[in-house]
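Each chain, written out:
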Amino acid sequence: MDISVTLINGLNLAAIYGLMAIGISLLWSSVGMINMAHGATFAASGYAAWLVADATKALVLAAFGKGLLTTSLMAGITLTAGAGFGALFGALIYLLAFLPIHDKPNFPVRSLIVTLAINLATVQGLLWYFGPKQKNLPKIFGTGKLEFLGLSARYDQIGAILATAVILGLTLFWLKTSRKGLEIRAMMQNPEGAVLSGISVRWTALPVTMLTGALAGLAAILLSQTIFVSPTSGTMPLIKGLTIALLGGLGSVPGAVAGAIIIGFLEAIVGAIPFLGQRYVLFATFLFIIIVLIIRPRGLGGLLDEARK
Amino acid sequence: MARSGADVLKITGLTAGYGPLRVLHEIDFKVAEGERVGLVGLNGHGKTTLFRAISSLVGWQSGSILLNGAEVGGARSSGPGRRTPAIVRAGLAMTPQGDAIFPGLTVAQHLDCGAYTPKAWKDRKARRDMVFDIFPPLRKLEHALVGRLSGGERRMVSVGRALMVEARLYLIDEPSLGLAPKISASVIEALFALPQDGRALVIAEQNVALLSGRVDRMVGMHAGRIRGDVGHVSLH
Amino acid sequence: MTKFYEIGQRPSEIILHPDGDAPLHRRRLPFTRRHLLKWRSRTNPKSLQQERMLADKRPLWWALGLGALAITAPFLTNASLTIAAIFCMFAAINVLWTLVIGTAGIFSLATLAIVGIGAYASAGLNVYLGLPWPLMFVAGGVAGLIVGGFLALPSTRLDGLYYALLTMGFAEICRVFVQQLKALTAANGAINNVGSFIPEDWQLQRPGLLLGFAGAFVILLLALLIFRIVNSERLGMLLQTAREDEAFAEATGIDYRRARLMVFLISSTGLGVIGAFYAQFYGSISPSIFSLDQLMLLFAMIVIGGLGRSEGAVIGTAIVVLIDKGLLGLGPLRILLVAAIMLAVTLFAHNGLVGIREQFRGWRNRKKSEARARRTEKGGEVMPEEAIEFADKQEIYYRRFQKRLRDRLKALITPELIEEHRLRPLGQHSDALNRVLNHFRRGEVADKYAIMRQPDQFHAYKIVAFSGVRGAPPRLVDDKIYDDINQAYHAVFLLRVNDLMES
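Chains as they are written, first to last, in this note's numbering: chain A, 9 to 317; chain B, 48 to 283; chain C, 8 to 510.
No lab work stands behind these hints: they were computed from the structure.
Note that the Cβ used here is the ideal one computed from N, Cα and C, for glycine as well.
Treat each hint with caution, since some may be false.
[Said to hold, decoys possible] Below are the DSS-like pairs computed for lysine-lysine, each with C-alpha atoms no more than 25 Å apart in a straight line:
1. B/Lys-169 with A/Lys-188
2. A/Lys-184 with B/Lys-166
3. B/Lys-166 with A/Lys-188
4. B/Lys-172 with B/Lys-187
5. B/Lys-187 with B/Lys-169
6. A/Lys-188 with B/Lys-172
7. C/Lys-455 with C/Lys-487
8. C/Lys-410 with C/Lys-400
9. C/Lys-455 with C/Lys-410
10. A/Lys-184 with A/Lys-65
11. A/Lys-184 with B/Lys-187
12. A/Lys-112 with C/Lys-45
13. C/Lys-375 with A/Lys-112
14. C/Lys-375 with C/Lys-400
15. B/Lys-169 with A/Lys-184
16. B/Lys-172 with A/Lys-184
17. C/Lys-375 with C/Lys-410
18. C/Lys-400 with C/Lys-53
19. A/Lys-65 with A/Lys-143
20. C/Lys-417 with C/Lys-455
[Unchecked claim] Cβ-Cβ distance ranges computed for the label pairs, FRET-style:
21. B/Arg-195 with A/Trp-182: 23 to 29 Å
22. C/Leu-483 with B/Ala-173: 55 to 61 Å
23. B/Pro-165 with C/Leu-335: 56 to 62 Å
[Claimed, not checked] Residues from chain B shown here face chain A by an in silico Cβ test under 8 Å; the list is partial:
24. Pro-132
25. Asp-159
26. Ile-181
Produce the complete structure using the sequences and hints provided.
And the structure:
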């Protein structure tokens with residue numbers, strides 16, 4: 009029983025952190041930018057989804073009454089709102105942190121600082137506008153528990169895990185097969201060769217930033233099934249995403265997935281050990297990552313594929 | 048249609064360089080439709096810079112570059128590479144010096160990168176076949192990673208990428224660089240076997256022997272200037 | 008009378024005019040071989056007078072700024088005085104951080120963690136073991152040194168971002184660790200009632216605030232002194248080479264890794280001491296010093312000022328502290344304002360506010376050299392923007408004259424003229440050909456050619472070009488053999504015409 013809870017918790021956390029980490033890793037490897045505003049995207053999309061859900065809830069309830077249809081419709085609305093706003097926020101990051109400085113000196117450091125400033129501004133702006141009170145998103149997967157094979161899991165956990173698997177699968181499939189994905193990978197590997205193949209860095213970077221933004225938005229909706237939306241709710245996922253991206257070796261998507269799974273389980277296990285508890289979770293994570301980084305200075309990435317230097 | 052007669056490329060007064068360094072000096076250069084031009088000259092005399100200036104990849108440049116009669120040059124002092132995709136789409140296919148290619152893609156994907164126009168993308172399979180006909184060794188390497196290929200095969204991929212669309216002007220920079228003589232001869236051979244219907248080809252090469260007798264015109268480059276094509280007073 | 012506009016840098020330079028040929032006599036700082044100000048002696052070529060120019064005006068700006076702060080402090084209100092003291096403290100932290108990020112090139116985010124550990128160690132020793140306050144500074148320094156040594160170990164192995172993450176994680180670990188300490192749980196992880204250099208009954212009184220400010224000011228001065236000693240003396244020089252080319256530095260035997268570690272340790276010790284001061288200044292220390300928000304604010308400070316420069320660290324700190332502590336009425340908008348400034352500075356400046364001047368000069372120089380590169384080709388004439396680089400102005404007029412002369416002669420060269428020379432290289436010539444030939448005769452040796460008779464052959468000539476350098480033999484122009492001297496004359500003429508047309 010205890011183990012099953014740990015397992016599900018671990019997978020749930022891994023799913024959400026994985027979404028964040030892959031966004032960060034992807035953006036780094038394709039456009040060479042560390043997106044510190046990923047947490048801001050997370051929080052802002054959470055709020056956007058909350059606003060939309062709040063506005064439409066009465067309407068949907070009035071139209072369809074209480075039932076499965078309403079729940080699924082609300083789920084659709086919330087997810088679309090979150091992902092859509094995340095993509096919009098990604099476009100904003102593109103406009104501020106990529107477009108003006110991408111061919112100027114010190115781009116990596118400067119874009120990091122710009123995204124950090126965006127993060128700071130967004131968190132404070134949300135705090136100022138919405139206040140520190142937490143908001144509750146509609147339960148898109150309904151409430152309840154499912155038991156099978158002796159495992160018991162809440163709907164939201166199963167939903168988060170499945171949704172993440174689907175989203176990640178779709179994203180990776182898109183990257184592998186579509187033309188845009190080919191262009192993104194070409195740009196990752198050789199920017200000059202890419203422009204000579206008629207691939208515009210500026211127009212390829214936009215879908216990447218929007219995609220990673222949408223991933224952060226989805227992560228926000230999924231995590232808010234378990235916890236609430238608050239102005240600072242993006243900070244922890246950002247730190248987790250960043251640490252996992254680094255643990256996996258920046259720029260390596262398989263590394264990020266592996267890192268997310270490891271960290272997710274580590275957190276769930278540490279949280280479940282009675283004398284350690286939730287307060288030591290971050291402590292244990294960082295300790296683990298420090299040890300890994302000391303042994304493997306470039307993270308796990310090199311083990312799995314060739315990452316951008 | 049090209050407005051300036053049959054000139055695919057017409058460069059007038061092109062000056063270009065990197066930072067305070069000036070590499071090209073007032074270059075005037077023309078390439079007509081269907082022409083094969085050899086650009087010869089020693090290392091460091093501006094052949095590569097000329098190609099990079101045509102594709103807007105140098106630090107700064109000024110002067111007019113007409114590609115198919117449309118201006119793609121002009122004065123520019125920042126953002127190298129920003130206009131390149133547009134120039135490429137205007138009908139330029141350039142193979143950069145060395146192996147400026149994508150090591151993590153397979154040969155097929157790499158060739159697909161070259162097919163950037165919607166039409167070329169649609170029938171990319173046929174075009175790949177065409178490239179494989181020109182470079183037969185690539186056919187059985189279709190799904191191999193480019194980074195794992197030998198130097199000659201990589202050069203073939205690099206040139207093949209440029210052949211994936213119907214460009215008007217092909218700039219091939221040092222196709223023989225760093226290759227064994229036999230392989231470089233076969234690469235050049237394949238280049239000259241291409242049909243010349245309306246496209247123009249400029250090959251930069253240090254090894255004059257590889258080109259002599261096969262190009263319509265040989266142009267020398269010396270110290271950032273074109274020599275052998277124009278001159279005020281002929282000496283002998 | 009015509010009004011003359013002052014151009015160039017000279018009007019803004021500080022120049023002394025000493026008597027006659029009085030020798031330059033600079034005073035050294037005691038116990039060192041350093042001079043206080045960097046005077047340069049030169050003779051003005053125009054007035055032929057001795058003058059002394061201050062080559063580096065930054066010490067004056069520092070003295071002005073810090074002096075103004077010290078003088079105005081006693082007249083400030085209590086609130087402003089506290090802000091000034093906090094500014095000094097944070098500026099000191101940032102200056103030492105700049106030493107790590109800029110001089111040593113280690114992207115460490117553990118700065119506040121080291122300060123916090125120094126503060127906790129010294130405060131703990133003071134409160135629980137009764138350590139007197141003067142020794143707290145020692146305790147803080149030792150704690151900082153130990154932590155710095157621990158953190159420095161992986162710094163050479165890890166890349167920038169990975170190390171940044173590691174240090175960020177270290178700060179988080181510290182925060183959790185402190186909060187979990189059983190002894191401190193009552194106070195939520197804080198240590199209160201720390202002994203201080205400010206006497207007990209002066210706390211929060213005017214004299215106490217003044218003393219607090221004085222202490223912070225001294226700390227800032229000490230931090231700047233450490234920065235000066237480390238950054239521009241031996242260690243800084245070693246690291247400068249490593250910044251430019253690590254492999255080259257290593258090949259010349261510079262152990263830059265060791266130098267980096269040394270800088271890191273020195274700065275950590277300093278940060279530990281500041282930590283002890285921090286605990287004494289507030290009389291307490293709480294885990295919030297390890298928090299990410301505080302770190303981000305500190306990072307904003309050095310980013311706005313400019314990474315890697317001490318003036319940047321101080322200016323950035325001044326701006327952010329003024330907004331954060333001075334405009335308390337704005338609430339969360341303060342941070343929004345800081346973020347907006349950070350955004351604007353990063354988007355428009357390559358390296359913070361202090362880098363703007365340099366960036367502008369770089370931009371101007373680039374434009375200038377581009378324009379020059381485009382234009383000098385048109386005949387070797389001196390362009391106006393180049394004129395200041397010639398000491399001998401005569402040269403400018405000489406070149407202009409030559410250029411115009413060449414232009415006129417170029418216009419004279421026609422196929423008929425060449426034909427005339429071909430028919431009769433020697434003897435009576437037309438006016439135009441005479442002018443051209445006279446110009447060729449007056450040319451410099453390096454531009455000239457000669458006709459060389461082939462040894463053991465009659466009427467067989469080759470053309471050689473003079474090197475123009477004494478001792479360097481002429482070189483053969485080509486292998487062509489002329490069997491008529493007149494043909495050879497004409498060939499030389501054609502070569503010179505070619506050179507003229509191309510100049």
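Now for the hints, and whether the structure bears them out:
1. B/Lys-169 with A/Lys-188: Distance ~14 Å between B/Lys-169 and A/Lys-188 Cα, so the pair holds.
2. A/Lys-184 with B/Lys-166: holds (21 Å)
3. B/Lys-166 with A/Lys-188: With Cα atoms ~16 Å apart, B/Lys-166 and A/Lys-188 stay inside 25 Å; holds.
4. B/Lys-172 with B/Lys-187: holds (15 Å)
5. B/Lys-187 with B/Lys-169: Holds - the C-alpha atoms of B/Lys-169 and B/Lys-187 are around 22 Å apart, at most 25 Å.
6. A/Lys-188 with B/Lys-172: holds (18 Å)
7. C/Lys-455 with C/Lys-487: Roughly 18 Å between the alpha carbons, so the hint for C/Lys-455 and C/Lys-487 holds.
8. C/Lys-410 with C/Lys-400: holds (16 Å)
9. C/Lys-455 with C/Lys-410: Given pair C/Lys-455, C/Lys-410 holds - Cα atoms ~18 Å apart, limit 25 Å.
10. A/Lys-184 with A/Lys-65: Measuring from Cα to Cα gives roughly 38 Å; hence the hint is violated.
11. A/Lys-184 with B/Lys-187: holds (22 Å)
12. A/Lys-112 with C/Lys-45: Violated, at about 35 Å.
13. C/Lys-375 with A/Lys-112: Roughly 19 Å between the alpha carbons, so the hint for C/Lys-375 and A/Lys-112 holds.
14. C/Lys-375 with C/Lys-400: holds (20 Å)
15. B/Lys-169 with A/Lys-184: With Cα atoms ~18 Å apart, B/Lys-169 and A/Lys-184 stay inside 25 Å; holds.
16. B/Lys-172 with A/Lys-184: holds (17 Å)
17. C/Lys-375 with C/Lys-410: holds (21 Å)
18. C/Lys-400 with C/Lys-53: Judged against 25 Å, a Cα distance of about 11 Å means the pair holds.
19. A/Lys-65 with A/Lys-143: OK: A/Lys-65 and A/Lys-143 at ~14 Å, within 25 Å.
20. C/Lys-417 with C/Lys-455: holds (18 Å)
21. B/Arg-195 with A/Trp-182: 23 to 29 Å: holds (26 Å)
22. C/Leu-483 with B/Ala-173: 55 to 61 Å: Check passed, 57 Å falls within 55 to 61 Å.
23. B/Pro-165 with C/Leu-335: 56 to 62 Å: With a Cβ separation near 59 Å, B/Pro-165 and C/Leu-335 satisfy 56 to 62 Å, so the hint holds.
24. Pro-132: holds (4 Å)
25. Asp-159: holds (6 Å)
26. Ile-181: violated (18 Å)
Going down the numbered hints, you'll see the structure goes against 10, 12 and 26, while the others check out.
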